[in-house]
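*Asks:* Since the structure of chain A is provided, determine the placement of chain B on it from the hints.
One line per chain: the protein sequences are A and B, in this order.
Anchor point for the first sequence: position 400 equals 415 in the working numbering, and the numbering is continuous, going up by one each time.
Anchor point for the second sequence: position 298 equals 313 in the working numbering, and the numbering is continuous, going up by one each time.
Note that these hints are calculated values from the structure, not bench results.
In this text, a Cβ means the ideal position worked out from N, Cα and C, and glycines have one as well.
Misleading hints may appear alongside valid ones.
[Stated by the list, open to error] Coverage of chain B stretches by chain A, computed from C-beta distances (three or more under 8 Å per stretch; other residues unrestricted): (1) 44 to 58; (2) 91 to 99; (3) 102 to 115; (4) 239 to 247; (5) 320 to 333; (6) 401 to 408; (7) 434 to 444.
[As the list claims (entries may be wrong)] Restraint ranges, calculated between C-beta atoms of paired labels, are given here: (8) B:E49 / A:D528: 25 to 33 Å; (9) B:R240 / A:P522: 47 to 55 Å; (10) A:E532 / B:D386: 36 to 44 Å; (11) A:G449 / B:A280: 53 to 61 Å; (12) B:E103 / A:K31: 31 to 39 Å; (13) B:R375 / A:K31: 42 to 50 Å; (14) A:A535 / B:P170: 52 to 60 Å; (15) B:E49 / A:E141: 52 to 60 Å; (16) A:K31 / B:S536: 39 to 47 Å; (17) B:A372 / A:G142: 45 to 53 Å; (18) B:R240 / A:E532: 52 to 60 Å; (19) B:P522 / A:E165: 56 to 64 Å; (20) A:L534 / B:D386: 53 to 61 Å.
Number of protein chains: 2
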Amino acid sequence: MRDGSTGRGLVPRKVKGFRDLDPATNALRWRLVETASRVYASYGFEHWDTPLLEYADCLGKYLPESNEAAEGVYAFPNPEREPIPDAEGAPLRDVDNRVLFEHALVTLRYDLTAPLARKYAEDLWEGRKNPGRVPPLFRRFQYGPVFRFEQKLDPGRFREFWQLDFDTVGVSDVTCDAEVAMILSDALEALGLARGTWEIRVNSRNLHQGLFERVGLAGDEARCRDVLRVLDKVDKIGVSGVEAELGAGRVDASGSKVDGLRLDAATIGTLTGYLDGTQGAASRADVLGRLEAQVGGTPSGTLGLSELRVIDDTLTALGYGEDRVVFDPSVARGLAYYTGPVFEAVSKLEVRDEHGAIRRFGSICGGGRYDGLVERMLGVRVPATGASIGVDRLADLLSRVEAGRRTSPVLVLALGSRQRVEQHRAAAELRAAGIPAEVYFGMQAKMKAQLAYADARGCAVAVLLGSEEVERGVVALKDLDMGKKLAAGITDRAEWRSGASAQVEVPRAGLVDAVRELLASRG
Amino acid sequence: MRDGSTGRGLVPRKVKGFRDLDPATNALRWRLVETASRVYASYGFEHWDTPLLEYADCLGKYLPESNEAAEGVYAFPNPEREPIPDAEGAPLRDVDNRVLFEHALVTLRYDLTAPLARKYAEDLWEGRKNPGRVPPLFRRFQYGPVFRFEQKLDPGRFREFWQLDFDTVGVSDVTCDAEVAMILSDALEALGLARGTWEIRVNSRNLHQGLFERVGLAGDEARCRDVLRVLDKVDKIGVSGVEAELGAGRVDASGSKVDGLRLDAATIGTLTGYLDGTQGAASRADVLGRLEAQVGGTPSGTLGLSELRVIDDTLTALGYGEDRVVFDPSVARGLAYYTGPVFEAVSKLEVRDEHGAIRRFGSICGGGRYDGLVERMLGVRVPATGASIGVDRLADLLSRVEAGRRTSPVLVLALGSRQRVEQHRAAAELRAAGIPAEVYFGMQAKMKAQLAYADARGCAVAVLLGSEEVERGVVALKDLDMGKKLAAGITDRAEWRSGASAQVEVPRAGLVDAVRELLASRG
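Chain A with its partners taken away, still in its complex shape (with noise of 0.2 Å):
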C-alpha cells in the first residue's frame, strides 16, 4: 500500500533485529525454561517477575539529567508527565515552591538483574526508618526478554534476547557461590547435556586483584581493565598472543596491528606466568596450590584463594568433581561488577561457524559474585551472588544435540461440508482421548494442498471422512510420512483414496483404538 502524499509505503516487516519464533524454537525454548526453572525452585529459589519497562535511572544506564538514547538500550520519555523526585522521594519544587514536573526517561531492561537491584533497593528504601538492619535475604529466579540495541548485529544475534536468572542477595558466604556452580551444573544436566559435553569453570576476581597488587597496578583501574581484556583472549590467542599485546604489540591472522599495552618484560613474565602457571594441572587442589606460587601472599591473593578453596572444598564434599567443575585463572567475565568468585559454563561441541571453520561452541551461561549491586542506589554495599543462562544460546546448543520433539496433531480431513460437524465430533473423540486433534479448515484445497498443510504443521497422522465412509460406519486413517512418499504421484480424491499402501479403513467407532494404535506404531 502507498501513501500518494510522499510515496512512501506500508510495508509488513519486523523491526531490524527481531523476530518471530516459529514453534520447534518456541517447544525448545520453554523446555529449557521449565527444566532449569525446575532445578532453580528446588534450591528453594522463588520465581519474581518485574516490569519490561523501567525508569533509565534505576537501571543505572544514564545520568538522570541525560535525556538522550545512549547507545545500546531502547530508551524513551515515559508519555506521563510525573513529578520529579528530590532525595527523599518527594516532589522537587523550584523557587517559587511549584513543583516540577518531567517525562522522566524510560527504558525497556537490558539484563534482569539491573531490575533485581531496583526491586531489592524498593524493599530497602520502604524499609528505610529502619536503617540499622542486617539486608534481607532474597533468592529468586526470574526469565523473560531483555533488549540490547546493538549497533552492529552478528549473525544469528538478536536485539530481544531471553535471560534466566538466579541469585541470592544478601549473603557473603562463599558456599553460596559453590551452590551456584552446583546449580548451573544440575541444571545442564537436566536438560540431558552429557557429563564430559561441558564445564563450569571458576574462578575469582580477586585473584586478578592479587596479581595487579604483586605487579604494582592494583592502583590504575582503567590500566587493570586492559590487561583483564588481554588476559581474557588466551583462549583464543594463546600465551604467545597474549605477551604480545602486553608487550609491542602483534599483527593479527588478517594483518592488522593490534596494539599493545607495552608492559616492561618483569610485569609480562608475571602477568603470563599465571596463565601459564596452571596450564596441565592435574585438579582443583592443584590449581590453588600453583597459584599461591603466583598471587599467594598479596592481600587480594589471599582472599581470592580462600575463596576458592571454600569453593573446592564444599563441591568435593557434594561429589562434583573435576568432570563438572574446574578452577581457571583465565575466566574474566566482562563485566566490571563482579566482585568475588566468577563462573562461565562452557560447551565443548565442536561446531562449525559462518565461514565453515570448526570451532569450539563455547560459553553457554555465568555468573559470579557482585556485592556492589544496590550501592549506586542506596550507598550501602549489599552481598549478592548468582548467574544467568543465556536462553537463547543455550537453546541453540540443545537444538544441535537433540531431535526437535515437535508435538503435531492429528489432523482430521473431510470431503465436503457436509461432514462438517462428523469432522469436530471425531476430533474432539480423539481429544478426550488425550489425542490432539485439528479439524482441517482449508476445505477449498486440492488434496495437495491439504497434504502440504499437514506437511509443513509435522502431522503423523490423518483421519480422513468422506460421505461414503459415514454412510458405511468407518473412516480411514492415513499415514502422512508414508503418504508422502506417494504424494507427487496423487491429483484426486480417488486416488488419495485408493493410496493403500499408506491408508486403512477402520469402523468408526474404533476410531480412537486405530489412532492410537498407529501413532504408537510410529515410535
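*Replies:* Just chain B now, kept in the frame of chain A:
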C-alpha cells in the same frame, strides 16, 4: 542519593502502572497459561511468538508520517536510522536519487492480534509474486505481556498486562467460530472453574447490522457505533436506561446528566424490542426464533441468523449445551474490527467492589470473527476468528475461587558455620528425593529472623543441624506451622531446641524418609 547540582534524587521505584509479580501470583499466572495452552494445542494450534517491539505503522495505531506518541500506547523513535520503504519495500529516494532515512516510530505491542496481522501479512507479502493463491491456513496461540498507556488507571489495572490468544486465519467456515466457543469452554473447565459459575455468550455483529438496516441507520457508521455503545450498557442500566439514553437522555445514580441520542420513538422501540425480545428465552433455538422477528428479512440479519444457526447445530451435536454457551443479542464487544460472530466469557461470581458493593465479576475473555485482519496492510480481506484471555483478570478470578498452591522448599538451618557443608549435603539429599530444599544462608540472623524468613517463604518444614546433633548422628525436624504458634515466646537457641511439641529428632540417615512423612502428614 542526591544529585547535588539539581536536587534530584535517585529513588528506587517502578514506573507507575507497572508491578513486580510475586511468586504466588506468578504460580497462578503460569498454571493458567500452561493449562489453557494445553487446551489450545489439543485443538491443533501451534505456539508462535512475536517481538515485544514493532514498527508503529505495522501495528496500525499511527499514520506513518506522525511522530507523536498518540494516546494509548508506548511509542518512540527507533534508535536505528533506516531507509524509508516505498510501496514495493525498496528505499525511498529524493529528487537527487539519494536514499531517504528516518528513525521510524516503534511501539510496544498493545495486543497480540496486531502482531499476528503483521506476521501473516509479512508471509503473504513475501509470497506476493503469486497473488492468486488462497490465503493460507494459519492457526497459532500466543501469550505474553502487552502495553497500554491509559491516562487514568482504574484500581487493580496495570499498563503492562498479559494476554493469551488463539486465532485461526484463512477460514470463513462458521463451525470454526463454534470451535472458538468450545475451546473457551474447555479452557475454563480445565482451569477448574465449575460449570454453572460462568457462561459463554455468543452473538453476531451481523445481527446488529441487520437491526441498523431495519431502522435505516445502516449507512451512518458513527451513529451505529453510538447506538451499540448504549445497547452494550443493558447489563448495567437495564432496558429502561437504554431506552432513555437512546432518547432524551437520563440522570445517572451520581446525579450526572447523560446525554441521549435523541432517536425517534419508533426506532427506539425497535432497538429496545431487540434487547427485550429475547429476555427469558428457553434455549439458543428459542433466541433464534425470536430474533427472526426482530431482524429476519434484512440482508445482514439473515446472515447473522444463519451464522448462529450453524454455531448452535455444531455445539449441540458436540454436546455443548445451554449450561455453557448461550446466545445473547446484547453482546457487542468494544472493538470495531469484529465482522461476524462475537464471544464473551462471563463469570457469574459475585464479588465486592472497592466501595463494598456486591457486583458480578463479569467478562473474563472474549473474541470473535474479524475478516479485515490484514486489509489495511495488503488491501485484501482474509477471514479470521479467535479469542483472547485476559490472563491477569482470569488469574484474579482463580485466586478468589481456589486456595493458593505455592510450593515452598524445606529450609535447612544450621547453628554455626561449621555445619555449612553438612547443610548443603542434607539439602542435596532431599532434592535428590524430589523434595525442594533450601540451604538457609542468613547465618548471622537471630532465631526470630530465621523463623520470620521461613514464614515469609511459606516453608512447612525446617531441618535443624547443630554441632551437638551432628555428633550424635541425628537431625531435628521442625513443623513450622506448629512452631509459629510458639514463636512469640522463643528468643534463644536453647529454647528453640526445646520446642518439643513442634520438633522431633530423627536419625541423620533417616532424614529423607522423615521429611517425606512429615510433609505427607500435613496434607
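*Asks:* For every hint, state whether the structure bears it out.
*Replies:* Verification of the hints:
1. 44 to 58: Answer holds; 4 residues pass the 8 Å Cβ test.
2. 91 to 99: holds (count 7)
3. 102 to 115: Check passed, 4 qualifying residues.
4. 239 to 247: Since 0 is below three, the answer is violated.
5. 320 to 333: It holds: at least three residues are needed, and the stretch 320 to 333 of chain B offers 4 whose Cβ sits within less than 8 Å of chain A.
6. 401 to 408: Violated, because only 0 residues of the stretch 401 to 408 of chain B bring their Cβ atoms closer than 8 Å to Cβ atoms of chain A.
7. 434 to 444: Check passed, 6 qualifying residues.
8. B:E49 / A:D528: 25 to 33 Å: holds, 29 Å
9. B:R240 / A:P522: 47 to 55 Å: The hint (47 to 55 Å, Cβ to Cβ) holds, given that R240 (chain B) and P522 (chain A) are roughly 54 Å apart.
10. A:E532 / B:D386: 36 to 44 Å: Taking Cβ atoms as reference, E532 (chain A) and D386 (chain B) lie about 41 Å apart, which means the hint holds.
11. A:G449 / B:A280: 53 to 61 Å: Because 58 Å falls inside the window, the suggested range holds.
12. B:E103 / A:K31: 31 to 39 Å: For K31 (chain A) against E103 (chain B), whose Cβ atoms are near 18 Å apart, the range 31 to 39 Å is violated.
13. B:R375 / A:K31: 42 to 50 Å: holds, 47 Å
14. A:A535 / B:P170: 52 to 60 Å: 53 Å Cβ-Cβ, so the 52 to 60 Å window holds.
15. B:E49 / A:E141: 52 to 60 Å: violated, 33 Å
16. A:K31 / B:S536: 39 to 47 Å: violated, 59 Å
17. B:A372 / A:G142: 45 to 53 Å: violated, 35 Å
18. B:R240 / A:E532: 52 to 60 Å: holds, 55 Å
19. B:P522 / A:E165: 56 to 64 Å: holds, 57 Å
20. A:L534 / B:D386: 53 to 61 Å: violated, 36 Å
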